[in-house]
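Protein chains in written order, with full-length UniProt numbering: chain A, 1 to 333; chain B, 1 to 337.
Rather than coming from a laboratory, the hints here were simulated on the basis of the structure.
Think of the CB as a built atom: it goes at the ideal place given N, C-alpha and C, for glycine as much as any other residue.
Listed next, the in silico BS3-like pairs over lysine-lysine satisfying Cα-Cα at most 25 Å (straight line):
(1) Lys88(A) x Lys76(A)
(2) Lys88(A) x Lys226(B)
(3) Lys58(A) x Lys88(A)
(4) Lys15(A) x Lys226(B)
(5) Lys226(B) x Lys58(A)
(6) Lys76(A) x Lys15(A)
(7) Lys76(A) x Lys58(A)
(8) Lys15(A) x Lys58(A)
(9) Lys88(A) x Lys124(A)
(10) Lys58(A) x Lys172(B)
(11) Lys144(A) x Lys124(A)
FRET-style restraints, in silico, Cβ to Cβ:
(12) Asp196(A) x Pro71(B): 52 to 58 Å
(13) Arg221(B) x Asp79(A): 18 to 24 Å
(14) Arg221(B) x Ala322(A): 52 to 58 Å
Sample of chain A residues lacking proximity to chain B, with all beta carbon distances greater than 12 Å (derived):
(15) Pro17
(16) Glu40
(17) Gly65
(18) Arg72
(19) Leu75
(20) Ile187
(21) His211
(22) Asp212
(23) Ala255
(24) Ser256
(25) Glu272
(26) Val278
(27) Pro290
(28) Ala322
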Amino acid sequence: MANASLLSVRDLTVKFPRIEPVRNLSFDVSEGETLAIVGESGSGKSLTALALMRLLPKAAQITSGRIDFSGRDLLKLDDRSIRSLRGKEIAMIFQEPMTSLNPVLTIGRQITESLRLHEGLSAKAARLRAIELLDLVRIPAPHKRIDDYPHQLSGGMRQRVMIAIAVACRPRLLIADEPTTALDVTIQAQVLDLLDRLRRELSMALILITHDLGIVTQWADNVVVMYAGRKVEQALPEALFADPLHPYTRGLLNASPRLKDDYHYTDGPLTEIPGSIVSAIGENGCPFAPRCPIVRSGCRTRVPDLLVPAEDRLVACPVIFAEGERHVAARGL
Amino acid sequence: MSNPDTAERAPVVLNPALAYDRSPPKPDAPTPNEERWSNVHAPDAMRATTASAETGTTSANRALRVFLRNPNAMTGLIFLVLVVAAALLAPVLYPEDPLSMVARPFIWPGTNSTYPLGTDSLGRDVLSGILHGARISLLVGIVATVIGLAVGLIIGSTAGYFGGWVDDVLVKLIEIVQTLPSFILLVVLVAIAQPSVAVVTGAVGIVSWPTVARLVRSEFRAIREKDYVVAARSLGYGHVRIIIREILPNALPPIIVTSSVMVASAILMESALSFMGLGDPNLVSWGSMIGDGRELLRTAWYLTAIPGLAIVFTVLALNLIGDGLNDALNPRFTDER
Numbered sequence: 001m002a003n004a005s006l007l008s009v010r011d012l013t014v015k016f017p018r019i020e021p022v023r024n025l026s027f028d029v030s031e032g033e034t035l036a037i038v039g040e041s042g043s044g045k046s047l048t049a050l051a052l053m054r055l056l057p058k059a060a061q062i063t064s065g066r067i068d069f070s071g072r073d074l075l076k077l078d079d080r081s082i083r084s085l086r087g088k089e090i091a092m093i094f095q096e097p098m099t100s101l102n103p104v105l106t107i108g109r110q111i112t113e114s115l116r117l118h119e120g121l122s123a124k125a126a127r128l129r130a131i132e133l134l135d136l137v138r139i140p141a142p143h144k145r146i147d148d149y150p151h152q153l154s155g156g157m158r159q160r161v162m163i164a165i166a167v168a169c170r171p172r173l174l175i176a177d178e179p180t181t182a183l184d185v186t187i188q189a190q191v192l193d194l195l196d197r198l199r200r201e202l203s204m205a206l207i208l209i210t211h212d213l214g215i216v217t218q219w220a221d222n223v224v225v226m227y228a229g230r231k232v233e234q235a236l237p238e239a240l241f242a243d244p245l246h247p248y249t250r251g252l253l254n255a256s257p258r259l260k261d262d263y264h265y266t267d268g269p270l271t272e273i274p275g276s277i278v279s280a281i282g283e284n285g286c287p288f289a290p291r292c293p294i295v296r297s298g299c300r301t302r303v304p305d306l307l308v309p310a311e312d313r314l315v316a317c318p319v320i321f322a323e324g325e326r327h328v329a330a331r332g333l
Numbered sequence: 001m002s003n004p005d006t007a008e009r010a011p012v013v014l015n016p017a018l019a020y021d022r023s024p025p026k027p028d029a030p031t032p033n034e035e036r037w038s039n040v041h042a043p044d045a046m047r048a049t050t051a052s053a054e055t056g057t058t059s060a061n062r063a064l065r066v067f068l069r070n071p072n073a074m075t076g077l078i079f080l081v082l083v084v085a086a087a088l089l090a091p092v093l094y095p096e097d098p099l100s101m102v103a104r105p106f107i108w109p110g111t112n113s114t115y116p117l118g119t120d121s122l123g124r125d126v127l128s129g130i131l132h133g134a135r136i137s138l139l140v141g142i143v144a145t146v147i148g149l150a151v152g153l154i155i156g157s158t159a160g161y162f163g164g165w166v167d168d169v170l171v172k173l174i175e176i177v178q179t180l181p182s183f184i185l186l187v188v189l190v191a192i193a194q195p196s197v198a199v200v201t202g203a204v205g206i207v208s209w210p211t212v213a214r215l216v217r218s219e220f221r222a223i224r225e226k227d228y229v230v231a232a233r234s235l236g237y238g239h240v241r242i243i244i245r246e247i248l249p250n251a252l253p254p255i256i257v258t259s260s261v262m263v264a265s266a267i268l269m270e271s272a273l274s275f276m277g278l279g280d281p282n283l284v285s286w287g288s289m290i291g292d293g294r295e296l297l298r299t300a301w302y303l304t305a306i307p308g309l310a311i312v313f314t315v316l317a318l319n320l321i322g323d324g325l326n327d328a329l330n331p332r333f334t335d336e337r
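Work the whole structure out from these sequences, hints included.
This is the structure in structure tokens:
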């Protein structure tokens, strides 16, 4: 983490008319770093990504916070400046490769469009660059494939094309919103390997939004665990998996089949976290309190502060440090 | 996580790993070393020279091929070409005014080789009238459609893309125009101004844009929520670029079908106006020929039937072409590859 911070998010709050899906969220991304944002559906991961791009739906508002990207506050930029930043310095890959490509344009057109807009290349130069990019993302026969329409490609190939479009202008930050959720397991690893290789080769920072903890162990440098719009834990992946602190993180790890070597999911049911994330609505204190195995009365009155139990580590749960509770929670409910 | 390669960002070469040898690929029998690395770059990537940068028109060729293989579309196209040829050749074949009396009245079609389609009650040549009428019908149909499309596209895409109060205002405008019965509005517009071809064309365009605007608006409303539009915004594209290059091509199939039907209905509207005597009195059109023949329907039915058939077949041809274009332009409907 020696590098200067490329992106710094402070106290970001996104508000819809009735709910706040992202609350007081802060995190940093250094140059060339991979930050994983983990959490279940509805925890505000994707909205955070859209907020970084300033692409939130109209009903949503950013009510407070700062997003500093290499010295500029993204929330204060006008529309024109933010547009020149999108695609050029910050790019995004979406969850659904099936629907994120324009079905009536060839993939070549879609790659060259951004190159011509941001880099001012001629049609011919952009086409050559697009062929290089398709080769870079390992699409076979790129000079033939460039004239294909998205429906002629498989899901994994389409996600590769999405990646090619996203990295076309050599962005400094790439946001990947669940890039492998819609893909086969065999393709997932290929796509993540590709992202990781591109991150190194193009010296990008990468924000990897996922609910798959297996991805986190292998590819992330730093992990933020989100629950109901708040950061509940942040750690290096090794530390997080060796010693999860927050009860929610523990629940997630216990619910994952890969973490116990001698345990196969056919042996018995996996441990689940009781309840659902909907219970966090209207909680005044810790959003996880309604589902927490070690909840105390104090948890429901005020939002727990982020504590610093070790270097590079944050956790939003004071109860976990109380004697005895640690043991109870570690048993997995 | 410090990366050694973070420091340098070479501006020219996209990626140092890509600065590979551009010499032509060696023929067969690769050395063991080459074989081991053959999958690092696709073998043909090295042939990505300027030659392949000029093959970007294949999709248009493909659409054309699909269109030309469609028998319905070809039937329509052939008939429309005939109508266009008739319109273009009319002044050459019949330089005389089609409204002038040239022969005995009521010559039935097929009885006199000089007048293959006969003459009407005043002794005017019906074939000459049909050919000259094609000029008016096509002119009014096409120009009115272009006017209606232009206005409808601009208003519909603005309303559908931006939504919010812009949408509210524009939808109210569309509704105000649509509450007036379109043909009565057309009659009023033509009656206020002098009935000339330009006025009729403009008036038909004015009454037909709300249909296009509503269609375009609903298409845009649906498409602007698609993931690829969000993806386009995430690449920093401006509103105009997204409207024209990302959304409009996706909205085109229904617009194209509608526009061919619009040409047809503009021809019908012009005919109806002429039938009522609100067309340009100095020009012959299919509608005015039907209007003139109406009173003689029992004795000389061919005077209404012949221009009527001309209208029917032209409208049908335009519809067939519209369907064919829809099939050809939408890549998902083509079963090629």
